[in-house]
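Undergrad: Chain residues, written in single-letter form:
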Amino acid sequence: MAESLIDIVGVHKSFGPQEVLRGIDLSITPGESIVIIGQSGCGKSVLLKHLIRLIEPDEGTVRFDGQDIAGFKGRELAEFRRRFGMLFQSAALFDSMTVEENVGIGLVEAHRHTHEEVAQIVEQCLEVVGLSHARQKYPSELSGGMRKRVGMARAIAGEPGVLLYDEPTTGLDPITSDMINDLIVTLNEKLHVTSVAVTHDMKSAFKIADRIVMLYQGKVQIDGSPQQIKETDDPVVRQFIAGSSVGPIQVG
Amino acid sequence: MESGLAILGRRGVEFITKLGGIFLLLGRFIVSLKDLFRSFRLFVNQVYLLGVQSLPVIVIIAIFVGAVAAWQAAYQFKFIGAPLRYLGQAVGKAVVIELAPVLSAIVFAGRVGAGVTAELGTMRVTEQIDALESMGINPVRYLVMPRVLACVLMVPFLVVFANFIAVIGGLIVSVIGVDVSVEMFMNGFKSSFKMGDFINGLIKAAVFGLTIGVVGCYEGFNTNGGAQGVGRATTTSVVISTVMILILNFIFAVILFRI
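Here the protein sequences line up with chains Z and G, keeping their order. According to the numbering used here, the stretch in the first sequence is residues 1 to 252, in order. According to the numbering used here, the stretch in the second sequence is residues 1001 to 1259, in order.
Simulated from the structure, these hints should not be mistaken for lab results. Check the hints yourself; a few may be wrong.
[As the list claims (entries may be wrong)] Here's a subset of chain Z near chain G, in silico, CB distances under 8 Å, partners left out:
| hint | residue |
| --- | --- |
| 1 | 54 |
| 2 | 66 |
| 3 | 78 |
| 4 | 81 |
| 5 | 94 |
| 6 | 105 |
| 7 | 106 |
| 8 | 109 |
| 9 | 138 |
| 10 | 158 |
| 11 | 159 |
[Stated by the list, open to error] Selected chain G positions facing chain Z (Cβ under 10 Å, derived; list incomplete):
| hint | residue |
| --- | --- |
| 12 | 1055 |
| 13 | 1119 |
| 14 | 1122 |
| 15 | 1123 |
| 16 | 1133 |
| 17 | 1197 |
Every residue gets a Cβ at the ideal spot worked out from N, C-alpha and C, and that includes glycine.
With the hints as extra help, turn the sequences into a complete structure.
TA: Right, dumping it as structure tokens:
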């Protein structure tokens, strides 16, 4: 078995009285495309944010390349985070900036490239997501799907080794969702990155995943290939895949 | 049902947590000043947005503050039979020592403090601050430092204008409404003007600016709960800033103006 890139060990996280993660153990190997599924509010996005320390665990550790990320400080933390690219649920574009400024901000602030190089990289990233024509637009002038694509261009601009997708298709129509899924598959293949996506969209999960992990009641319910997930007898997983309101999962 | 003592205890813990958070952010702001050069463009932008764009409202406020100070002083002079040649002195002292710094700071807290909290609060709930962090950009350096530094420098800048405009407002009312000559008003003003008072007013203004900036950013950064949360944070920011301005002003009065 390949050595893991990211190790999540015994992670617990509560917000006030609400215990969201109750001991998550998960290893992610380089180059794989892993999809974390589960009901809304089950802690998928919280787990994803633990990977780049946007949220810190109450208990347990997250290790990247064998190093506990809780030990990173200042520049080291910034350098660590630059190895990731993240697409946020609502794209999280900066309202006051144009599309090209949004895509280039990470590069500009890292001070590693000249203005010309930044402009060139931004152009290439926008080309990959098919939005070269929208360079000068502001986020308020874009549709939901376009915003997500700009978010993806921003995520890949720093040439990260790991891409994180938080609900990449939520709120999009089925055709745009499929286009985003195709884009994720293309990026994973082209850039040879490790990718971790969080979704409750099963069509999206089966399309982009090498491996699917389901969270239920703050723990890992199942961890396997898409085929294993499809064929499992676990009633919780079966109910979730079928999208049925009848079964062990109670909607609160 | 929570008992009164439990509520008091919970509120006490919340208050101390908030105060600790504000001082922690103040510390992080001071540390981030070493990166001023990297954020200079952002700082200049905030100087324009927070400071220069506040000038019109400060000018309007100052005119009427000076005007009402002159009118009320004249009314009191008439009541106690004091000579009107001291009107310029009374207006000048009141404006330079108290009215211009405190009222400018309160207006600034309402305009800029609220704006900063609403902006950063919206960025927080729409994950824009998370996005900055995910790209290795320190949000204190990128968002807090330019805003707080602009507040520290621009409140004194606005107070200089407010002093000047308020004295003119007082002069106009004195000449038109109270029948005091320009010369008499200005002689009274000049006889009592002390550079020390003026400087003390600017020092106070800078501390008020620091308070407004740090509280505004702290509340924005700690916003949660969507649009309602942004509204709540904005209100809290203005209330805390205003109360702190008045408390700090009293402390300054006791320290700087010994009886």
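Undergrad: Compare the structure with each hint and give your call.
TA: To see whether the hints hold, each was checked on the structure:
| no. | hint | verdict |
| --- | --- | --- |
| 1 | 54 | 5 Å, holds |
| 2 | 66 | 20 Å, violated |
| 3 | 78 | 4 Å, holds |
| 4 | 81 | 4 Å, holds |
| 5 | 94 | 6 Å, holds |
| 6 | 105 | 7 Å, holds |
| 7 | 106 | 4 Å, holds |
| 8 | 109 | 5 Å, holds |
| 9 | 138 | 14 Å, violated |
| 10 | 158 | 7 Å, holds |
| 11 | 159 | 12 Å, violated |
| 12 | 1055 | 22 Å, violated |
| 13 | 1119 | 9 Å, holds |
| 14 | 1122 | 8 Å, holds |
| 15 | 1123 | 8 Å, holds |
| 16 | 1133 | 6 Å, holds |
| 17 | 1197 | 40 Å, violated |
In summary, the numbered hints that this structure violates are 2, 9, 11, 12, 17.
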